[in-house]
Each structure stands twice: as structure tokens, then as C-alpha cells.
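Take these sequences, add in the hints, and give me the full structure.
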Amino acid sequence: MQQQINREPALASKPRNRLANSQHLAPYLFVLPFIISFLLFFAYPLINAIIMSFQSVLPGEVTFVGLDNYRELWNTDFADALYNSSRYTLFTLLLLIPIPLLLAVMLNSKKMPFSNFFRSTLFIPALTSVVVAGVVFRMIFGELDGALMNSFLHLFGISSQRWLYSSELSMFALLVLASWRWIGINILYFLSALQNIPSDLYEAADIDGAGTTTKFMRITVPLLKPITVYVLTISIYGGYAMFTESYMLWAGKPSPQNIGLTIVGYIYQQGFQYFNLGFGSAIGVTLLGITLAVSMLQLILTGMFNKEE
Amino acid sequence: MKKQGIVTLAAMMALSMGLSGCGGDGNNTKNATGNAAAKTDNAQAESTTGAGGSGKAEKLVFWTFVDAHQKFMESMADSWNQSHPDKQIELEGTTIPYDDMHTKLLIALQSGVGAPDLVDIEQSKFPNFMKGTPQLVSLNDILEPELGNIVKSRVEIYSKDSTYYGIDYHVGATVMYYNKELLDQAGLNADDIKTWADFETAGKTMLEKTGKPMITFEGNGNWSWWPAISQQGSDQVDKDGNVTVDTPVNVQTMQFFQKLVKEGVAAVAPGAGHDTEEYFGYMDSESAASVFMPFWFMGRFTDHMPDLKGKMIIRPMPAWTEGGNRSAGMGGTATSITNQAKNPELLKEFLSYAKLSKEGNIQIWKQLGFDPIRTDVWNDPAMKESNKYTDYFGTDIFDTLLSVKDEIAPVNIREISPKVFDAIRNEAIPMIFIDMADPAVALKKVQDSLK
Numbered sequence: 001m002q003q004q005i006n007r008e009p010a011l012a013s014k015p016r017n018r019l020a021n022s023q024h025l026a027p028y029l030f031v032l033p034f035i036i037s038f039l040l041f042f043a044y045p046l047i048n049a050i051i052m053s054f055q056s057v058l059p060g061e062v063t064f065v066g067l068d069n070y071r072e073l074w075n076t077d078f079a080d081a082l083y084n085s086s087r088y089t090l091f092t093l094l095l096l097i098p099i100p101l102l103l104a105v106m107l108n109s110k111k112m113p114f115s116n117f118f119r120s121t122l123f124i125p126a127l128t129s130v131v132v133a134g135v136v137f138r139m140i141f142g143e144l145d146g147a148l149m150n151s152f153l154h155l156f157g158i159s160s161q162r163w164l165y166s167s168e169l170s171m172f173a174l175l176v177l178a179s180w181r182w183i184g185i186n187i188l189y190f191l192s193a194l195q196n197i198p199s200d201l202y203e204a205a206d207i208d209g210a211g212t213t214t215k216f217m218r219i220t221v222p223l224l225k226p227i228t229v230y231v232l233t234i235s236i237y238g239g240y241a242m243f244t245e246s247y248m249l250w251a252g253k254p255s256p257q258n259i260g261l262t263i264v265g266y267i268y269q270q271g272f273q274y275f276n277l278g279f280g281s282a283i284g285v286t287l288l289g290i291t292l293a294v295s296m297l298q299l300i301l302t303g304m305f306n307k308e309e
Numbered sequence: 001m002k003k004q005g006i007v008t009l010a011a012m013m014a015l016s017m018g019l020s021g022c023g024g025d026g027n028n029t030k031n032a033t034g035n036a037a038a039k040t041d042n043a044q045a046e047s048t049t050g051a052g053g054s055g056k057a058e059k060l061v062f063w064t065f066v067d068a069h070q071k072f073m074e075s076m077a078d079s080w081n082q083s084h085p086d087k088q089i090e091l092e093g094t095t096i097p098y099d100d101m102h103t104k105l106l107i108a109l110q111s112g113v114g115a116p117d118l119v120d121i122e123q124s125k126f127p128n129f130m131k132g133t134p135q136l137v138s139l140n141d142i143l144e145p146e147l148g149n150i151v152k153s154r155v156e157i158y159s160k161d162s163t164y165y166g167i168d169y170h171v172g173a174t175v176m177y178y179n180k181e182l183l184d185q186a187g188l189n190a191d192d193i194k195t196w197a198d199f200e201t202a203g204k205t206m207l208e209k210t211g212k213p214m215i216t217f218e219g220n221g222n223w224s225w226w227p228a229i230s231q232q233g234s235d236q237v238d239k240d241g242n243v244t245v246d247t248p249v250n251v252q253t254m255q256f257f258q259k260l261v262k263e264g265v266a267a268v269a270p271g272a273g274h275d276t277e278e279y280f281g282y283m284d285s286e287s288a289a290s291v292f293m294p295f296w297f298m299g300r301f302t303d304h305m306p307d308l309k310g311k312m313i314i315r316p317m318p319a320w321t322e323g324g325n326r327s328a329g330m331g332g333t334a335t336s337i338t339n340q341a342k343n344p345e346l347l348k349e350f351l352s353y354a355k356l357s358k359e360g361n362i363q364i365w366k367q368l369g370f371d372p373i374r375t376d377v378w379n380d381p382a383m384k385e386s387n388k389y390t391d392y393f394g395t396d397i398f399d400t401l402l403s404v405k406d407e408i409a410p411v412n413i414r415e416i417s418p419k420v421f422d423a424i425r426n427e428a429i430p431m432i433f434i435d436m437a438d439p440a441v442a443l444k445k446v447q448d449s450l451k
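So the protein lines, in turn, are chains A and B. Take the first sequence: its letter number 162 is residue 162 in UniProt numbering, and every next letter is one higher. Take the second sequence: its letter number 222 is residue 222 in UniProt numbering, and every next letter is one higher.
Rather than coming from a laboratory, the hints here were simulated on the basis of the structure. None of the values given here were measured: they were computed from a predicted structure. The C-beta atom is built at its ideal place from N, Cα and C for all residues, glycine as well. Be aware that a few hints might be false.
[To be verified] Quick list of the computed label-pair ranges, beta carbon to beta carbon: (1) B:359 with A:160: 50 to 58 Å; (2) B:310 with A:126: 16 to 24 Å; (3) B:97 with A:241: 17 to 25 Å; (4) A:67 with B:287: 49 to 57 Å; (5) A:160 with B:211: 14 to 22 Å; (6) A:46 with B:403: 54 to 62 Å; (7) B:287 with A:126: 49 to 57 Å; (8) B:211 with A:295: 57 to 65 Å.
And the structure:
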């Protein structure tokens, strides 16, 4: 402190150094790395993708085609992809918010034995590579009698299923994979939020004679709202951005009758497998619009924008 | 202080030289010229010894998605260096997963930077590289003199406006792989099966005697229907790039195959394709008596179905009519030179040596187990030399191939092909073989969706 005060007048005499040490400049300097990486790796590709979505992009032959790429979106493949992605997102929301919330409350409870052990085991799937997990799940949902899911069905006297050929069964497989993978991460979010709820609230409730359910509904759930909204937002984004899971489940080949085609999978197929980069960009821009709209709607409905009032 | 600095520097130099020396020793077994030593520590070696670039080797970057192709090209580079001391090359091969490699290559060619000199492009991806102005180098001057000696359709697939852009590794002649032990059990002889009608009769006997299906078809792949229609001179796309999936021949073929499945003579491959782990296990446990697949499928037998060693024989496919074609050329990978190559002339010479010369073609058989595109090597004594394929299937492999040499029709690969292949694999074939829909309806649906 002493030194800083002493230095002030010295700095004042050197106006050139003043700029570099200025309090106004420092924040910008610190966020500069982010701004640069944002501009370079996010804004630039985004703007370029928007431009490309109005172009036909071929090696040595780039031409503007107006809205042609967007007009092409009106086809059954895109409809399938949109339907699959939306359905997947909806189901993941229904699974990946209540289940982790309950598990987190259980893990947070002092009565829970081995809670540290469960915490780590539930989190481990998140550390696994999706590629490896996809291969393993492909085996689990194999169509042979020896595959894990089929032998499980046999226990109940149900015959073997072709899991990856039916729209419903393969969606089930995708949801199992998603739950296995994401529950641990969402638990982590809820756990950290739970630890921020002051324990005196629960003590006061105890004195007032509130039961476990009442405490959960009246204290835990309302106080977790900000984190729940956050998890909801990233889950919506995650649901619509899903690609690797379905790509790996069908071993990199397109799925029969498009049952596993997602919007990002459609971008990949059109952009890279058919080398139609302009159309791929148009799908990407549309996806951006869809996720933005859904997230905005969700944030408005949960009242995130009128926090100040 | 100064002294210490010098000592450290000297130690570091010694260490780096030692390291590069080690690298050289390790690699020398593979790269006879020892250029590999310079590869890893090029800059260091040059700055410390000042004599690093003695050979003046031209550095060539090669991308592939098959590890064995990389090893093959490296070995060809070694023998090239031995026979061409004045034109040394230093081949830097990289194997990148299939989809990644093709995507990276597309982007590199589109953006004009970062592409390799030499690259493998798989047949069904090739049309993507023919869009717009092809960013590959014309190979006409090395190919034209050899066109008489090779299976011409194997380079025509990779051409646009009579300019050739790639050279295939193999013909991919489709053959029947029969399990002789099962045939014997059913009292059948593979050589008596001449036509598909004979095959159906034999299949019924097989089913009766052993309870096992005679053959398997792909449930979401192209390797069953496509070779069969190609045998009859039909295709999924015609010469001008029009979709022709629902022509009468194509529909009848599919109806015949579906009938075999319904009769139990044929089974749909578990895993829905022939190139899957499930299928390898299924075949290895002798669950079906035969399958037809392109020649390159031999490697799947030797590597993934070890229990069938000595039991499998290779024969021509049954013909559709007496005297009809008994094979079809399927699948393939072209090696191309990109327009970003620094020295295309040298590359062309090397590519011609590796993939068009007799030596190169013999090595393609010896190292990769492929049916080389130069048919004049098919009766070379080298083809009878024992290797893991002859140990597995017997020494008459090339006798079978020679007998169908002139019965391989070219296939049409056009700009729309990737879409057609996908639609057939994902829509039509699962509908026909899994949901048992009427082939005429399923193929018509695909035909209409592609217009």
C-alpha cells in the first residue's frame, strides 16, 4: 500500500506510462484474450457461415444463389432431423433435470452412506470419451441374442429386439446413453447449488414442524431455481447439438430410415459427406435460430429477464 | 557462468544428436535410405551438423485412411529410392480415420492450403472431389500408355470429362466365398453351381440337410444388390448420372433375393452388414455356407475369422443367365495428386511406379491381398507364392480371378452417387430385408425421392 501511494506522483510526471497503467485500460487488457478468441473462433466463422448460407460453394466456383439453400430446407430429411432433435431434447429435459436433482439431494444428505463414493462413480461417465461410450453402447444394444440388452429382455421372457432399427427403440438407446453420460454432470451443478443453501433455513423449518417433502418443495426447489434454469438452458442447447452419440451408435454410417438423424448430423451429412457447404451453412444458421428461439422462450417463461423487478 | 552455458549447450547438442541417431537406427529397418532420421530431427540435424540435407530428398506428404496402404506406400518409396538414387523422395505417410480424412481433405482443397501431395480417396467419396473445378492433378500422361494393361474401368471411375484423377489399388472383383465343409455336409459341389437358379436349388438342399442358410445378404449395405445388378449390366446410376434404381432388372434382382430370404435359403447378415464384428462372429461359427463379396473381403476372413482357415474356397459368382457375367468390380480407393503438390512431375513418376508398374502391382497382392488392376500380373508366378491368403484359401485364388477377367462390368460413379448410395443403404435395403416391404415399392420410393 505504502509503495503504491508513493508511486502515484512519480507516474503523474510520466504521461506516457499513465495510459498503460490506467485503471480503464486494465480490464480490457484482461478480457482481450477472450475477445480475440471470440472474434477469431466464433464471430468470424459465424459471419462466414451466414454468408456461405447464401452461396453455392464449390472448389474454384463460389456463386451467390440467394435464398436457394433455405428453400431446399423444405424436405423430409430436414423434417426428420428436426423431429428427432426436438424429441431427443424434450426427453433429455424430462430425464436430466428431475433425476439429477433428486440424486443430488440424496447425495447431499448427511444420512447418505458412501456419498463420496457415489459422487465419483456417478461422475465418471462424464469423463469417458463419447466415441468409446458409443461403441460400447452399440454392443449393448446389438441385435444378437448375446447382446446385453437382449439378454436382459430374455430374463423377462421377451424376445430379442433390433434396437437400432426402430425409431422408438433407438431413441430409447440414445436416451439411456444420454442419461448415463450427463446425469453425473448435472448432479455436480445441483450439488454445488445445494451447498449454498444456508442450513438455518432448514433448521427454522424443522422448528415450524415442516416434513421432508415440504422442506424439499418449499426450500430446496425454489432456491435451486437459478441453477435449474442454467441446467435447462445448457440441456436445450446440448439436446439440439447432439451428434456424436447418434453418429457412434450407428458406427458412422447413416441410420436406417433416418431414425438417428439429428440436425447437426444433417449438417455433417450435407456439408461434408455430400460436400454441399452452402446448404450445410444454411442448416447451421437455421439451427442457431431454433435454439435461440427455444432458449429465449424458456428464459422468458422462467422469468429470467425480470429479475431486477 | 559463461563456461557453464557452453557446457550445457554442448550437452544439449550431444543429446539431440544422440536422439536423432537413435531415431535413425530405429527407422532404418523400414526406410533403407535412412531419410527418416532427418524427418524427425531435420532442423536440429541441419543446424548442428551442417550436413543434414545431403540426399536432397523431395519431401512428399501422403494421407490415407488405411494403415496397410501407408505401409505399402512407404515400402514402395524405399524401393523407389534404391532404384532412383538421383530422385530421392522422403514419403511422410499419415493414417487418418476415414471420415476425418475425407473431410479434412475437402476443406484443405476448398481453402487452398494444407492439403497433402498424395492422397487416398475412397470411391464413394470421390464424386465430392469432382464437383466444381477438380483440385486434383490430371494423370493422363502416366495412365494413357498403360490403359491396355489395366482394367480400364478402375481408372474411369475416377475421371471427369476424360481426364483421369486417380488410380485404384485393386479391381475389387466380387467372388463367392464358399464354406467347403458345409457344402460337403450337404453333398454339394461349388463347381456345379453355375447360375443363380442352380444356387437356389443348392440352397434348398443346404437348408434341408444342415438347417443352415446358404448365403447372407447385407441388411443396410450395398454389397449384395449392387454387384448382382452390375453382373447384369445394370447400375444405380447410368452413364449420364441419371438415377436408375427402379429399373425392371434392379427390381427383379431384389425380388429374387428377398424371395431367398423368405424361403430361409438366405439370411440377413447380423449387424446388418458384412463388414461388422457381429457378422464376423456369425460366419466364423459356420452359421451360413457362403457369401459373395469383393476380393478385398479376403482380408476380413484371414484377420477376423480365423476358425474358417482351410475351409473356405473362392469361386466365381453364379451367373444370371447361362454364359452371363460371373463377377463385378466393387469398392475401391484411388490415389490422387492434389494441385497443392510442390513437385507434381516427380509425384506422377512415383505414383506410376507404385501403382501402375508390374513390381508395384505384385506388391499390392503380396502386401495388401488385393487383386491388382494390371491383369497381366494375374498369371505371374509371384501370385502363387504362399502367403497368408493362399494358406487360408488355397493357391487357386488367381485361377478363379483369371476365369472371370473379362466378366467385370464397369460401374458408374457420378456426382449424385453418394446420395444414391445412402438412400439405398438406409431406406430401400432395410425396408426390403428387415421390414420385408415389396422391392418394387421401396425402390420406386427411393427413385422418386432422388429426383
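So which of those numbered hints doesn't the model satisfy?
-> Hint check: 2 and 7 fail, others pass.
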